[in-house]
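Going line by line, the protein sequences match chains A and B.
Residues in the first sequence are numbered from 1 upward in steps of one, following UniProt numbering.
Residues in the second sequence are numbered from 1 upward in steps of one, following UniProt numbering.
Simulated from the structure, these hints should not be mistaken for lab results.
The structure displayed is predicted, hence computed values, not measured ones.
Errors might be hidden in some of the hints.
Claimed, not checked - PhoX-like mimics (lysine-lysine), calculated; alpha carbons at most 25 Å apart, straight line: (1) A:199 - A:129; (2) B:162 - A:302; (3) A:32 - A:302; (4) A:316 - A:54; (5) A:32 - A:59; (6) B:26 - A:302; (7) A:165 - A:146; (8) A:146 - A:172; (9) B:112 - A:129.
Claimed, not checked - If we take Cβ atoms under 8 Å as the criterion, some of the chain B residues that face chain A in the derived model are: (10) 106; (11) 145; (12) 198; (13) 220; (14) 222; (15) 260; (16) 261; (17) 263; (18) 353; (19) 463.
Every residue, glycine too, gets a C-beta built ideally from N, C-alpha and C.
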Amino acid sequence: MRRVIGGLVLATVVAVAVVTAAAAGALAATDKLVIWASEAQVPALLPMAQQFEKEYGIKVEVTEMGFGDIRSNFSVSAPTGEGPDLIVGAHDWVGEFARNGLVEPIEMSAAQRDAFTPVGLQGFTYGGKLYGVPYAIEAVALIYNKALVPTPPKTFDELLTVARKLTDRNKKRYGFLYPNNDAYHSFPLLSANGGYIFKFTGQGFDPKDIGLDNEGAIAGARLIQRLAVEGLVPKGTDYQTMEGLFLQGQVGMIMTGPWEIDNVKKAGIKYGVAKIPTFNGRVARPFVGAQGFMVNKFSPNKILAMEFLQKFIMTKEGQLAIWKVDPRIPALKAAFQEVASNADVAAFGASAADGIPMPNIPEMAAVWGALQDKLTLIVNGEQDPASAMKDAARQIRDTIAQAK
Amino acid sequence: MRTGAMTPAAPAPRGGPALAGVLWLKVLALGTLDALGAWAAARLWADGRVWPAVAMVAGLVATTWIFTSPRAYPMRYIWPGFVFFALLVIYPIGYTVAVAFTDYGTGHMLSKEQVIRQFETMTYEPEDASRFRFAAFQAPGGTLTLVMEESPGRWAVLEGGKVRPADPAADGLVDEDGDGLPDRMGSRQALAVAQLARRLAELRQMRWEWGDRILRMMSLRELGEARHAYRYDPASDTLTDTRTGTTYRPVEGYFTGEDGQRLEPGFVTYVGLDNFVRMVTDPAISRPFLRVFVWTFAWAALTVLLQFSAGLGLAVLLNDPRLKLRNLYRSVLILPYSVPAFISALMWVGLLNTEVGVINDFVRALGAGPIPWLQNPFWARVALFLVNLWLGYPYMMIITLGALQSIPSELYEAALVDGARPWDVFRSVTLPLLMIAVSPLLVGSFAFNFNNFNVIFLVTGGGPPMVGAQTPAGHTDILISYTYRLAFQGGQGTQFGFASAISIVIFLVVAILSAINFRMTGVFEKMSENV
Chain A
1 MRRVIGGLVL
11 ATVVAVAVVT
21 AAAAGALAAT
31 DKLVIWASEA
41 QVPALLPMAQ
51 QFEKEYGIKV
61 EVTEMGFGDI
71 RSNFSVSAPT
81 GEGPDLIVGA
91 HDWVGEFARN
101 GLVEPIEMSA
111 AQRDAFTPVG
121 LQGFTYGGKL
131 YGVPYAIEAV
141 ALIYNKALVP
151 TPPKTFDELL
161 TVARKLTDRN
171 KKRYGFLYPN
181 NDAYHSFPLL
191 SANGGYIFKF
201 TGQGFDPKDI
211 GLDNEGAIAG
221 ARLIQRLAVE
231 GLVPKGTDYQ
241 TMEGLFLQGQ
251 VGMIMTGPWE
261 IDNVKKAGIK
271 YGVAKIPTFN
281 GRVARPFVGA
291 QGFMVNKFSP
301 NKILAMEFLQ
311 KFIMTKEGQL
321 AIWKVDPRIP
331 ALKAAFQEVA
341 SNADVAAFGA
351 SAADGIPMPN
361 IPEMAAVWGA
371 LQDKLTLIVN
381 GEQDPASAMK
391 DAARQIRDTI
401 AQAK
Chain B
1 MRTGAMTPAA
11 PAPRGGPALA
21 GVLWLKVLAL
31 GTLDALGAWA
41 AARLWADGRV
51 WPAVAMVAGL
61 VATTWIFTSP
71 RAYPMRYIWP
81 GFVFFALLVI
91 YPIGYTVAVA
101 FTDYGTGHML
111 SKEQVIRQFE
121 TMTYEPEDAS
131 RFRFAAFQAP
141 GGTLTLVMEE
151 SPGRWAVLEG
161 GKVRPADPAA
171 DGLVDEDGDG
181 LPDRMGSRQA
191 LAVAQLARRL
201 AELRQMRWEW
211 GDRILRMMSL
221 RELGEARHAY
231 RYDPASDTLT
241 DTRTGTTYRP
251 VEGYFTGEDG
261 QRLEPGFVTY
271 VGLDNFVRMV
281 TDPAISRPFL
291 RVFVWTFAWA
301 ALTVLLQFSA
311 GLGLAVLLND
321 PRLKLRNLYR
331 SVLILPYSVP
341 AFISALMWVG
351 LLNTEVGVIN
361 DFVRALGAGP
371 IPWLQNPFWA
381 RVALFLVNLW
391 LGYPYMMIIT
401 LGALQSIPSE
411 LYEAALVDGA
421 RPWDVFRSVT
431 LPLLMIAVSP
441 LLVGSFAFNF
451 NNFNVIFLVT
461 GGGPPMVGAQ
471 TPAGHTDILI
481 SYTYRLAFQG
491 GQGTQFGFAS
501 AISIVIFLVV
511 AILSAINFRM
521 TGVFEKMSEN
531 V
């Protein structure tokens with residue numbers, strides 16, 4: 001009987017193995033293109049996938065994933081060969097990906113480059129090579145509630161006057177709010193008078209040249225502390241607080257990006273978008289972020305992936321299709337001109353034109369935590385702005401020097 | 001069905017139709033499992049993962065033997081548990097220990113072989129490189145031939161990895177639409193771009209030697225020239241840049257030149273005790289360590305004390321038969337336990353919001369100014385205790401309720417006869433007997449809270465930051481959250497190797513503390529007295 005059982009097991013093993021091997025063979029024979037995208041772009045990518053499949057006979061699979069998950073999952077899965085062929089992500093991932101050897105450089109002709117807004121391509125450039133095809137750029141600007149602030153202030157002095165008049169913390173009413181311990185949203189104030197994170201050299205960012213402890217950055221930090229200590233932008237104001245109060249019509253002005261517009265419209269707020277006010281007569285320069293498509297270095301389908309990008313993402317039609325579902329500023333000049341009559345696009349576009357690309361070098365990882373912590377200390381009034389910014393710069397320099 | 005004694009020698013005739021069905025099911029299940037496993041093992045082997053493949057085969061053989069041999073019958077009960085224990089406990093621990101001695105992390109994600117392969121396939125375009133349009137043709141057998149436009153009016157034929165000048169007459173090349181590329185090549189079939197795309201699997205592998213250059217596919221429409229950028233020499237384990245002649249040797253996980261210049265990407269290397277040494281010698285890490293350690297200890301101890309006191313108090317109340325609607329109270333009080341902790345924690349963050357939080361609305365109504373719950377070190381700690389009390393008291397209440405009900409009522413009657421007052425009864429009867437049952441659980445709770453990453457990370461994120469700290473260290477950071485921030489937000493990307501090293505140290509700390517705790521509570525002695 002035991003022998004019979006053994007024989008039967010063996011027979012089943014053979015049968016199942018033959019079937020799975022056949023199925024595996026069939027799988028390996030068909031090429032397909034896998035794209036990881038987040039919720040915002042998927043509706044635009046699905047029709048493109050269908051069209052690609054019809055024309056080339058190759059299946060395109062669009063997988064929806066949380067924005068941050070794309071970054072972490074891609075890092076882990078690409079080297080094993082299990083990753084997607086294309087990902088949709090932010091330009092500041094490029095440095096880490098390129099350093100880890102996970103993304104493929106993209107070759108564009110001069111004419112193809114000319115079709116894009118330079119800041120979008122700069123964002124995806126690392127070590128002199130381009131690693132992504134941008135489809136949108138974005139930067140923060142001033143969004144104001146017309147019911148409370150009829151005309152947006154042009155300078156920070158004007159903004160302070162408006163804010164003092166409107167703010168009444170007991171009624172939970174505020175003139176101006178922004179997430180004040182968040183490095184990304186605070187950057188325009190630091191940059192206005194000459195603060196920067198890493199110097200942009202044209203080739204890329206120089207991790208040895210840090211400008212967070214110069215006079216300009218410290219002047220910005222003083223303004224940040226003043227706003228908090230005066231109670232205009234209370235300490236601990238986070239994004240949710242700012243967003244929630246603005247959507248309830250309790251806030252005159254906020255500083256954030258085009259991603260918030262949809263919510264503002266839905267809340268029925270009569271809003272306008274303006275440039276961030278000047279500070280000491282100098283233009284505030286927000287971070288410019290670029291969104292785009294990157295090609296997996298380990299993908300066996302790199303040529304197909306490039307074909308997909310050339311056909312859909314590097315064209316006006318493709319960029320407009322994505323803009324309709326993900327309304328940030330199109331990165332292709334032709335597509336931008338098509339939608340520039342939209343007041344929001346024009347205003348955010350103007351803000352981005354003042355901005356500087358957010359550094360994409362991996363050393364940026366040393367910045368976020370350090371700057372965030374020191375900004376918190378400044379906002380909480382626990383440390384003097386000058387010494388806090390000096391601490392931040394020193395911590396970043398030390399961390400970069402130590403990195404292996 | 002036959003009943004009675006069955007001897008292992010003659011098991012055959014048991015079993016009617018039902019048993020035969022079960023037998024078939026078993027054969028089918030085992031066979032399927034083995035086949036899938038064998039297939040996976042073959043894939044692993046082909047990928048060069050020898051040990052996982054060996055472990056897979058060994059596991060399959062053992063499973064099949066255990067579930068078919070009567071001699072291994074008792075093993076059938078333990079085996080599934082053992083397999084999961086190996087997969088979910090032993091393997092992760094082993095992996096963590098292995099990673100702790102490497103530099104695995106940002107900059108060192110790939111294996112050395114993968115990195116060498118990347119450099120070997122890397123080509124560069126020489127300054128005078130050109131691109132060429134091409135047409136593709138397919139012979140009846142499926143062989144691909146490419147015809148490239150070398151210069152206007154001059155064609156070259158690419159076949160079998162070689163390039164030769166075209167002879168339009170002999171090759172039967174005809175340009176029908178006058179676009180400069182042939183549209184026909186004898187009897188071969190011309191391929192459109194879309195048809196070409198279907199054969200990409202082979203096209204992307206193709207390289208054509210052309211003098212000292214290589215032609216490769218740049219897009220579905222163009223070929224480009226290139227040269228190999230690097231050459232790897234296995235004998236000396238060096239990489240040579242073919243453009244400059246510079247030699248790179250593997251140093252600290254990077255191919256490094258004489259002048260110290262590193263080639264990216266790097267690879268994973270064994271770094272010995274470096275990660276452990278760094279914890280002690282790097283002042284930026286070790287300086288906040290003591291403060292963090294003291295707070296971690298206080299956090300775990302006070303949390304347990306608070307949770308236990310609250311749980312005990314409620315349990316004593318609920319255990320009193322004079323209390324009406326006891327079941328209702330009990331259900332309501334258990335509610336916080338039934339909501340997932342991370343949801344509760346996030347909800348509390350909202351309630352504690354300085355500007356718009358409900359708690360500060362109450363504070364304002366009482367006439368005080370808003371409390372900076374998450375901005376001030378003291379209040380941030382108070383807030384954490386509050387949240388964790390909410391999350392943890394129901395557990396303590398449940399276990400003490402159970403333990404209270406197991407205390408024999410004769411003891412209480414005896415105490416009553418002796419004229420003890422309620423407080424004396426509680427102190428001399430209830431509490432000691434209760435502690436026997438619950439103190440091991442308190443030790444467990446201490447160990448759990450020592451590593452309670454969720455609450456800290458979700459409520460304060462370790463903040464508010466310490467003034468002057470050179471690492472991401474906050475006033476409410478406990479060891480595990482400090483580790484997480486050092487390894488993943490410390491600014492050097494993700495450092496899995498370093499994180500693994502610290503978690504091993506934390507594991508040792510918790511193990512030692514728990515051992516001491518068990519000793520001090522004397523649990524084992526008391527339990528043995530009781531038996």
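Output the numbers, in ascending order, of every earlier hint that fails for this structure.
Those not satisfied are hints 6, 11, 14, 15, 16 and 17.
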